[in-house]
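Q: Residue-level listing of the chains:
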Amino acid sequence: MPQLELLQGTLDMLILKAVSLGPLHGYGVLLRIQQISQERLKIEQGSLYPALYRLEAQGWIASEWGESENKRKAKFYRLTAAGKRRLEAETVKWNEMAGVIAAILETARGEV
Amino acid sequence: MTWSSRIQAFFRGVFRREKFEQDMQAEQRFHIESYAEDLVRQGVSREQALRRARVEFGAVEAQKEDCRASLGLRLWDELRADVRYALRVMRKSPGFTTVAVLTLALGIGTSTTVFSWIDGVLLNPLGGVSRPQELVTFETVTPNGQFTPTSYPDYRDYRDYLHLNLAMSRPTSFSIGEQEHAERVWGELVSGNFFDVLGVAPSVGRVFVPEEFGDKPNGFPIAVISDRYWRAHFHSDPSIIGKTIVVNRQPITVVGVASPGFHGSMAGLAFDVWIPYMMQPALQGVNEWMLRDRKTRNLLGILRLPRDVTREQLQSRISVFAGMMSKANPYEDGGMSAAILPSWKSHFGTQGLLLAPFQLLMAVCCVVLLIVCANVGNLLLARFAARDREFGMRLTLGASHARIARQALTEGVVMATVATLLGIGMALLLGGSLPRLLPARDVPLTVDVSLNSSILWFSIVVCAATAILSGVPSMFQAFHVNLNDAIKESGRGSASGTRARRVRGALVISEVALALLTLIGAGLFVRSFRRATQIDPGFSTDHVVLAQFALTSSGYSLPERKEFSRRLRQQLEADPGVVAVSYSDGAPLGVEPSWWEDLKIRGYEPAPGENMKIYRNVVAPGYFDVLHIPLVEGRDFTEHDSDEKDSAPVMIVSQSFVKRFFGDGAALGRQVYGWGKWFTVVGVVKDAKYNNLAESAIPYFYVPFRQVYRADMNLSFYVKTKAADPGDGIALVRREVRAIDPSIAVINVLPLGEYIGASLYPQRLAAMLLSVLGGLALMLAAVGLYSVIAYSVMQRTREIGIRMALGAQVGDILRLIVRNGMALTGAGVGCGIAAALLVAPKLTSISVAGSAMGGSGTLLRNSAVDPVIYAGAAIFLTLIAALATFVPARRATKVDPVVTLRYE
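Protein chains in written order, with this note's numbering: chain A, 2 to 113; chain W, 31 to 934.
Among the clues, some could well be false.
[To be verified] Below, in silico cross-link-like pairs of lysine-lysine (DSS-like), each with a Cα-Cα straight-line distance of 25 Å or less: (1) W/707 x W/689; (2) W/94 x A/74; (3) A/76 x W/49; (4) W/707 x W/675; (5) W/707 x W/643; (6) A/43 x W/94; (7) A/76 x W/592; (8) W/49 x A/72; (9) W/592 x W/675.
[To be verified] DEER-style ranges, computed between Cβ atoms: (10) A/98 x W/430: 27 to 35 Å; (11) A/106 x W/77: 46 to 54 Å; (12) W/77 x A/105: 48 to 56 Å; (13) W/95 x A/71: 52 to 60 Å; (14) W/114 x A/107: 58 to 66 Å.
[Stated by the list, open to error] To be clear about the criterion: a stretch of chain W counts as covered by chain A if any three or more of its residues have a C-beta under 8 Å from a C-beta of chain A, and this derived list gives those stretches: (15) 35-49; (16) 55-61; (17) 96-109; (18) 759-768.
Derived from the structure by calculation, the hints contain no laboratory data.
Where is the CB? At the ideal position from N, CA and C, for every residue including glycine.
With these hints in hand, go ahead and build the complete structure from the sequences.
A: This is how it looks when you write it as structure tokens:
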């Protein structure tokens with residue numbers, strides 16, 4: 002299946018979701034998103050860290066230095082309580098939006 | 031929620047920058063290495079893996095920048111870079127920087143200094159009181175709208191029936207200490223609740239307690255002294271509490287020391303002692319009935335606004351109550367009302383004198399500041415425009431116009447900030463100089479010069495305004511950098527472009543216009559002042575020495591005071607150098623106006639609401655002689671007009687008095703009722719000026735000293751000497767007074783001419799300060815013009831070289847440059863005159879209190895549209911401008927065409 006490009010503005014949501022399943026370092030977030038999407042989503046590596054820093058500044062995720070699987074120092078990100086609420090809100094909005102757009106696209110000629 | 035974490039993230043980035051950068055670096059490295067390891071696991075070689083990982087990661091620096099930007103650090107970094115760059119540029123051209131910063135500091139400093147004066151006298155005049163914003167002035171209003179002090183019984187009624195937090199005070203001088211070592215100290219006689227209403231706390235001891243708020247005459251021989259007096263005279267010894275001091279020969283117990291910031295209830299004046307008003311009979315020899323006399327209006331009121339009533343409601347309550355009092359006491363209070371005013375509108379004290387000059391000053395300071403900003407803006411623009419090629423490069427590399435404009439603004443901000451700091455320093459230094467500019471009064475003047483929040487806010491606002499105004503021309507330029515011209519190799523950039531030149535031209539025109547406006551203002555006020563000094567006061571001050579005594583603090587009884595006056599007169603007349611001597615209650619044209627009395631005139635029916643309070647003086651025989659006031663009809667007072675039983679009360683009136691009350695009929699023999707007695711008019715004198723040199727003719731009358739003099743009046747002696755030099759007369763008076771009684775407090779001995787000169791104080795202040803600022807404005811405009819012309823000459827060097835090579839003479843070049851400069855000047859002069867005509871009506875309407883006890887006149891006595899002044903100012907400015915243009919023009923002619931043509 003060909004890889005899809007990420008829609009504008011959805012990276013933040015995906016990062017929050019990835020981190021909600023457990024604390025991850027930056028590289029791990031990348032891997033997990035690719036994994037959950039079953040390799041169908043292509044993430045621009047250049048936009049990952051700016052997004053992580055932005056989300057941290059906004060208070061949705063928090064960071065902490067820890068040890069990676071192979072005993073190296075890495076910065077781990079975890080979801081905060083506010084971030085959890087944010088993720089839920091964004092998910093609801095996304096689903097609503099998807100529904101509305103789907104309905105519009107399915108309008109046959111003559112139904113307007 | 032997200033805002034606080036954003037701010038936290040920002041500050042973390044700013045203060046732990048190094049750790050932030052290290053962390054970012056480590057994180058990126060970890061990412062790349064992890065990815066590389068995964069690739070190695072997939073079978074790629076270690077080298078290849080690392081390379082692929084790096085490539086796929088993308089641009090490391092760009093990502094770091096984006097990370098920094100997401101924290102808001104990019105803006106921070108850019109600002110820091112701009113400031114550092116601005117400082118570096120400033121350091122590279124020290125001359126230019128010094129001139130720019132100093133002129134900015136001058137403009138900002140003068141504005142801040144004037145504001146600190148305004149703050150000390152008008153906005154926050156009372157130190158040491160609590161919640162000063164709740165305090166207002168309480169004044170009595172006459173039927174024809176004049177504001178006067180309040181009498182004690184009236185005060186009591188207002189206070190008690192309306193439940194007002196109202197206190198009264200009366201500035202007075204006291205003689206403190208034993209006989210020969212007695213010292214003159216200024217203080218206030220106050221109502222018992224004075225400290226309570228003002229909310230003043232004692233630093234040692236106590237203030238007046240409710241038991242002492244009562245009305246028992248002479249019942250409270252206590253005093254509170256000021257912190258300043260305590261330190262100076264008692265060396266901050268706390269054991270002074272409970273001790274007795276001698277005030278006007280009476281024993282008074284010191285009960286407390288006021289807190290250090292407190293200097294009394296009047297703006298700008300520093301008092302040292304506060305004694306209950308009930309002590310007036312004992313201290314000043316005043317009769318007790320005067321404390322109960324509703325017509326003895328001599329108290330200044332200060333009121334603390336209640337929290338639950340608006341000002342309008344309170345005022346209407348007071349007015350209604352005043353109406354009731356007017357009906358209850360028709361003779362004393364008929365038609366009178368009362369008003370509450372914000373303290374800066376008070377008619378008594380320095381505010382009345384200074385409000386108008388301050389307003390004028392502030393306006394002129396703003397004008398000077400605008401000129402300074404135009405100047406600096408021009409200079410910054412010239413320098414900025416020279417960097418056009420650099421900006422073109424940066425624009426093509428991706429910078430935004432806004433980014434470049436921000437850099438232009440930063441330079442202005444940095445200069446403005448440095449200048450503001452210098453300006454604040456200047457204000458702190460000069461703020462205390464205001465008392466030196468005010469007329470020498472005996473009450474010590476004080477202006478609190480300290481950096482309080484209003485001054486700080488003012489400086490910040492001025493700094494920001496100056497920065498923006500100075501930076502705007504450059505910012506404007508930044509948005510119009512022409513990329514094409516900027517990058518061309520041989521292009522001169524748009525520094526000589528039409529737009530920049532027009533902007534600079536416009537700035538210079540506005541500078542010249544503002545400078546002309548200031549010059550015209552200065553000219554108008556100087557001429558008005560000079561005209562005022564030439565007004566005939568109606569009496570002659572030649573060879574007359576004035577001596578004023580504070581008999582109220584002498585401890586003399588009323589007969590003793592009259593005796594003292596008689597003896598002193600005899601002693602003085604005995605001296606061969608003395609031509610004539612007389613004395614009176616108050617001196618004319620002082621800083622305080624003369625007192626008035628309610629009169630009833632037989633045969634004259636006053637119209638309803640007509641003000642029958644006429645100004646008067648209480649004089650001894652010979653007064654009109656000494657002052658050369660011609661007697662038009664009748665006779666002067668004699669020794670026979672005395673207080674003895676068979677002496678009828680007599681009165682001398684002025685011509686205006688006759689005109690107003692007797693029409694064209696005879697004046698002599700008419701009966702006038704005042705002070706509870708009927709007086710007969712025995713003489714008419716020519717009109718003179720009494721309260722204010724600028725006043726129009728008002729009715730005035732004189733009564734004999736021996737018949738009317740009261741214990742609460744002052745004493746002024748007039749000594750006419752043969753010699754023109756007043757020094758001898760002054761020494762003589764002092765000698766004779768000391769011979770009679772060394773403990774008499776002599777307020778003042780000076781030539782009468784000097785004394786009445788002080789009445790023109792507001793006009794003099796306006797004229798003086800405006801001239802100084804006018805000169806400053808002119809100089810700044812000239813500098814601005816010079817710099818613009820010099821710069822354009824520099825830009826046109828090549829053109830001038832070509833012209834000279836083609837045969838132009840020195841004169842042609844001169845004419846070319848000078849015409850350019852004069853065109854700008856001409857436009858500026860035209861705008862300036864137009865602006866002056868616009869502002870003229872406002873100038874004439876500025877009114878100023880003629881004295882510290884009410885009364886008013888306009889600051890500018892003539893029309894503000896005077897062709898002579900306008901033309902004079904314009905010509906003067908044009909001459910200076912011509913000079914400013916000529917100097918660079920001459921330099922232009924020294925250009926060597928060979929050199930310039932060779933340069934590419």
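Q: A separate judgement is required for each hint: does it hold in the structure or not?
A: We went through each hint and held it up to the structure:
1. Note on residue 707 of chain W and residue 689 of chain W: the hinted pairing holds, with a Cα-Cα distance of about 23 Å set against a maximum of 25 Å.
2. Straight-line distance between C-alpha atoms of residue 94 of chain W and residue 74 of chain A comes to about 19 Å, which keeps the hinted pair within the 25 Å bound.
3. A C-alpha spacing of about 13 Å is found between residue 76 of chain A and residue 49 of chain W, which places the hinted pair at or below 25 Å, so the restraint holds.
4. For the suggested pair residue 707 of chain W and residue 675 of chain W, the alpha carbons sit about 13 Å apart, so the restraint of at most 25 Å is met.
5. With a CA separation close to 16 Å, the supplied pair residue 707 of chain W and residue 643 of chain W stays within the 25 Å bound.
6. Restraint check: the Cα-Cα separation between residue 43 of chain A and residue 94 of chain W comes to about 21 Å, which is no more than 25 Å; the hinted pair holds.
7. Restraint check for residue 76 of chain A and residue 592 of chain W: the C-alpha separation of about 99 Å exceeds 25 Å, so the hint is violated.
8. With a C-alpha separation of about 21 Å, the suggested pair residue 49 of chain W and residue 72 of chain A falls inside the 25 Å cut-off, and the hint holds.
9. Proximity of residue 592 of chain W to residue 675 of chain W is assessed by CA-CA distance (about 17 Å); at most 25 Å being required, the pair is judged to hold.
10. Between residue 98 of chain A and residue 430 of chain W the Cβ separation comes to about 33 Å, which falls inside the hinted range of 27 to 35 Å.
11. The hinted range of 46 to 54 Å is satisfied by residue 106 of chain A and residue 77 of chain W, whose Cβ atoms lie roughly 49 Å apart.
12. One distance hint, 48 to 56 Å for the beta-carbon pair residue 77 of chain W and residue 105 of chain A, holds here, with the actual separation near 52 Å.
13. The supplied range of 52 to 60 Å is broken by residue 95 of chain W and residue 71 of chain A, whose beta-carbon atoms lie about 30 Å from each other.
14. For residue 114 of chain W paired with residue 107 of chain A, a C-beta distance near 60 Å keeps the hint of 58 to 66 Å intact.
15. Only residues whose C-beta sits within less than 8 Å of a C-beta in chain A count toward coverage, and the region 35-49 of chain W has 4 of them, enough to reach three; the restraint holds.
16. Requiring three or more residues with a Cβ within less than 8 Å of a Cβ of chain A, the coverage given for the region 55-61 of chain W holds, as 5 such residues are present.
17. Counting residues of the region 96-109 of chain W whose CB lies closer than 8 Å to any CB of chain A gives 6, which reaches the minimum of 3, so the coverage claim holds.
18. Only when three residues or more bring their CB closer than 8 Å to a CB of chain A does the claim for the region 759-768 of chain W stand; here the count is 0, and the claim is violated.
Of the numbered hints listed earlier, those contradicted by the structure are 7, 13, 18.
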